[in-house]
Amino acid sequence: MSKNLWKSDPEWFERWFDQPEYHILYGHRSQKEAIDFVRMVMNRSLLGDGVLRILDVGCGAGRHAAAMSSYGHDVVGMDLSQNNITSARSLHMTQAGKIDFVQGDMRKLEDYFPSDSFDAITMLFTSFGYFQTDQEHVETLRRIRQILKDRGTFILDFLNLEHVTAHLTPSECVTKEGIVFQIHRRVANGWIEKSIEFVDAAGVAKHHVERVKAFSPSQLHEMLKQAGFYSQSQFGNYNLQPLGKSSHRCIIVAH
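The sequence shown runs 19 to 273 under the numbering used here.
It should be emphasised that the hints constitute simulated quantities derived from the structure, not laboratory data. Predicted, not measured: the structure shown is a model, and the values here were computed from it. Do not rely on the hints blindly, as some may be mistaken.
[Claimed, not checked] Simulated crosslink set (SDA-like; lysine to any residue; CA at most 20 angstroms straight-line):
hint: 1; residue 1: 243; residue 2: 163
hint: 2; residue 1: 167; residue 2: 254
hint: 3; residue 1: 25; residue 2: 49
hint: 4; residue 1: 116; residue 2: 49
hint: 5; residue 1: 243; residue 2: 175
hint: 6; residue 1: 224; residue 2: 63
hint: 7; residue 1: 243; residue 2: 183
hint: 8; residue 1: 167; residue 2: 243
hint: 9; residue 1: 50; residue 2: 25
hint: 10; residue 1: 25; residue 2: 225
hint: 11; residue 1: 212; residue 2: 38
hint: 12; residue 1: 212; residue 2: 151
hint: 13; residue 1: 167; residue 2: 71
hint: 14; residue 1: 212; residue 2: 32
hint: 15; residue 1: 212; residue 2: 37
hint: 16; residue 1: 25; residue 2: 206
hint: 17; residue 1: 212; residue 2: 240
hint: 18; residue 1: 167; residue 2: 134
hint: 19; residue 1: 212; residue 2: 181
hint: 20; residue 1: 50; residue 2: 266
hint: 21; residue 1: 212; residue 2: 201
hint: 22; residue 1: 212; residue 2: 230
hint: 23; residue 1: 224; residue 2: 214
hint: 24; residue 1: 212; residue 2: 168
hint: 25; residue 1: 25; residue 2: 167
hint: 26; residue 1: 126; residue 2: 154
hint: 27; residue 1: 224; residue 2: 37
hint: 28; residue 1: 224; residue 2: 34
hint: 29; residue 1: 50; residue 2: 224
hint: 30; residue 1: 212; residue 2: 31
hint: 31; residue 1: 224; residue 2: 199
hint: 32; residue 1: 263; residue 2: 240
hint: 33; residue 1: 212; residue 2: 42
hint: 34; residue 1: 194; residue 2: 39
hint: 35; residue 1: 126; residue 2: 30
[As the list claims (entries may be wrong)] For each label pair, taking beta carbons as the anchor points, the in silico distance ranges come out as:
hint: 36; residue 1: 160; residue 2: 46; range: 30 to 38 angstroms
hint: 37; residue 1: 220; residue 2: 244; range: 20 to 28 angstroms
hint: 38; residue 1: 180; residue 2: 27; range: 24 to 32 angstroms
We put the CB at the ideal spot given by N, CA and C, even for glycine.
All chains should be modelled from the sequences, with the hints used to inform the complete structure.
What follows is the structure, given as structure tokens:
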């Protein structure tokens with residue numbers, strides 16, 4: 019075990035998300051889950067009516083963006099990781115529908131898109147909470163508000179802190195593609211943290227710490243308010259059931 023199990027780089031996500039072992043560890047993410055969730059959102063018209071221009075911030079390999087595009091919408095997926103964007107283009111840009119993927123930092127949205135560019139913006143599967151200060155998160159939400167049209171919709175999908183705290187698995191060992199990942203988890207000092215140790219294919223010992231701010235639903239609502247949004251509704255899972263203490267997710271629909 020590393021002597022510095024919880025030592026973290028503040029910009030850990032810039033490095034870790036482009037590592038091959040990250041994609042090995044998290045390669046199980048379900049396309050069906052994304053398709054089913056997007057179907058629920060579309061059936062309830064949560065993003066709005068008609069043909070929409072949609073931005074998916076923190077799109078990963080594009081599974082949600084592709085699902086939204088399949089409904090005829092004009093979709094842009096954006097992610098910090100160039101590897102994710104390359105994968106998304108390879109997987110989804112040949113499908114029917116209008117879809118594009120761009121590499122970029124959500125803290126600088128105005129560098130990529132003018133004001134009032136989108137009818138709807140999504141930030142799904144805990145693509146929020148990575149930055150050091152609450153103010154950085156509020157400023158990111160303000161930038162989202164700026165590139166969203168006046169009556170546009172924003173969906174923020176985050177962890178439900180109460181559920182995470184109650185059901186945290188402190189440690190486990192996971193083997194994927196011959197790589198053994200030693201994983202430790204904790205909630206401490208305002209962060210939800212995951213320490214990941216492994217030896218890569220070249221025999222080099224590596225260590226990464228993932229950190230996400232331990233925001234409660236009320237804190238998320240308050241930050242959205244500070245950024246100029248008003249919250250319309252909230253849900254507790256991808257079936258869009260009500261948010262409760264035992265809910266796995268905190269999904270907020272805001273305008």
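Find the hints from earlier in the document that the structure breaks and name them by number, from lowest to highest. 2, 3, 6, 7, 9, 17, 24, 25, 29, 37
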